[in-house]
Amino acid sequence: MSTTLAARRLALCALFLLPGLAMSSWVTRTPAIRDLLGASTAQMGLVIFGLAFGAMVGILCSGPLLARFGAKPLIAFGTLGVAVSVPLVGLGAAAQIDGFVIAALALFGLSMGGSEIAMNVEGADVEAITGRPFLPALHGSFSLGTLIGAALGIVATAADFSVVMHLLTIGLSGIVILLVCIRFLPTATGRRQKRKSPVYRAERAVWRDSSVWLIGVIVLAMAFAEGTANDWLPLIMVDGHGLNPALSSTVFAVFAAAMTLGRFLGGPVVQRFGRAWVLGASALSAVIGISLVAFVDNSVVAGFAVVLWGLGASLGFPVAISSAGASGENPATRVAFVTVIGYIAFLVAPPLLGFIGERAGLRGALVIPLLVLFVSIFLSPVARTRPSSIQIGTP
1 MSTTLAARRL ALCALFLLPG LAMSSWVTRT PAIRDLLGAS TAQMGLVIFG LAFGAMVGIL
61 CSGPLLARFG AKPLIAFGTL GVAVSVPLVG LGAAAQIDGF VIAALALFGL SMGGSEIAMN
121 VEGADVEAIT GRPFLPALHG SFSLGTLIGA ALGIVATAAD FSVVMHLLTI GLSGIVILLV
181 CIRFLPTATG RRQKRKSPVY RAERAVWRDS SVWLIGVIVL AMAFAEGTAN DWLPLIMVDG
241 HGLNPALSST VFAVFAAAMT LGRFLGGPVV QRFGRAWVLG ASALSAVIGI SLVAFVDNSV
301 VAGFAVVLWG LGASLGFPVA ISSAGASGEN PATRVAFVTV IGYIAFLVAP PLLGFIGERA
361 GLRGALVIPL LVLFVSIFLS PVARTRPSSI QIGTP
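Taken in order, the sequence shown gives residues 1 to 395; the numbers are from the working numbering.
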């Protein structure tokens, strides 16, 4: 491998680490941010809705922007947006302005959603050049970022470190990563060289393919499993199991570690057993983990249960996306279709669980992702393919 290509790989991994670092930094401080805002559970659901809404807009807008400008500008502006928005969340919380926090989270989601699509295009291009898998390690970098962010969040919470200063430090780190790494990316990746007529007939064929819809349900379920933990796990441990904020951040760090381990080690498992088996086992693991957190009134059991939850969520989303791409012709359209379905879960889950949690408690609200995951166990055979042809897609 050439030095230039190796630098490109490392730069992409560092850039993909930042969204995970920023996300888990925000998540580990949600109890403190909730207290600063004086928000109820339902109000926190609306606050978190800003993040999911921004991510959805970023995903939907990324395709045309990618074709027009290429991946590098989207990655640059998206990374800058993440680095700027995270400190703004802390400032808004300190000023006790809910709308400011929602707007900052929307910018965070918008920047992260668009840049992640562009980074996936870059990663796929690296795979095409080298002929070797790279996407699993790339998405493992995101999970590694969540683990690092969770660890820093534990320290910051235990030390009663200011939310503003904590998130400002993360934002400045993001700017440093951007300045160091962006120069190693090529300029033309993903840019459309000439205008092509849209293939409406092929797209309609994808929409009529029942297998794509069924895989979309699996993506929805796996996004619910991952998004519920990302948005609510620290608060579930504080409000539902009586842990202090530092311990709740530790539990989230355990979840992040399980996610990281699953993504870095999952490639050989998928190659050995196939997509369908991995999706079924992932959903079952997540169901068991979430059930223990929801229904067993023991914080120690809940702390261990998040390992099953994290391992189950780690491969579900990327393997389901990969299954969509392999389910027929026009893989790009198929992947885009089910990815949007997945982001619907990230959009709907925060306020839905918040409103239900206001009435039934956050542990009771976990019944919703449990039901969707349970259905996905029985849908997993739709992803059955030859194990030898497997690659893992987006996180």
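Do not rely on the hints blindly, as some may be mistaken.
What the hints assert, rightly or not - Computed Cβ-Cβ distance ranges for the label pairs, DEER-style:
1. Ile175 to Gln96: 39 to 45 Å
2. Pro268 to Val301: 28 to 34 Å
3. Phe161 to Cys61: 33 to 39 Å
4. Ala6 to Val176: 16 to 22 Å
5. Leu179 to Gly364: 22 to 28 Å
6. Phe264 to Cys61: 44 to 50 Å
What the hints contain is simulated information worked out from the structure, not anything from laboratory work.
Small disclaimer: the values here were computed from a predicted structure and weren't measured.
Yeah, the Cβ is synthetic: ideal placement off N, Cα and C, and Gly gets one too.
Each hint, compared with the structure:
1. In this structure, Ile175 and Gln96 break the distance hint of 39 to 45 Å, their C-beta atoms being roughly 27 Å apart.
2. Evaluation of the 28 to 34 Å hint for Pro268 and Val301 yields a pass: the beta carbon distance comes to about 30 Å.
3. Distance hint for Phe161 and Cys61: a CB-CB separation of about 35 Å, consistent with the stated range 33 to 39 Å.
4. The hinted window of 16 to 22 Å between Ala6 and Val176 holds, with their beta carbons roughly 21 Å apart.
5. For Leu179 paired with Gly364, a C-beta distance near 46 Å fails the hint of 22 to 28 Å.
6. Checked against the hint of 44 to 50 Å, the C-beta distance between Phe264 and Cys61 comes to roughly 31 Å, which is inconsistent with it.
Hint violations for this structure: numbers 1, 5 and 6, all remaining hints satisfied.
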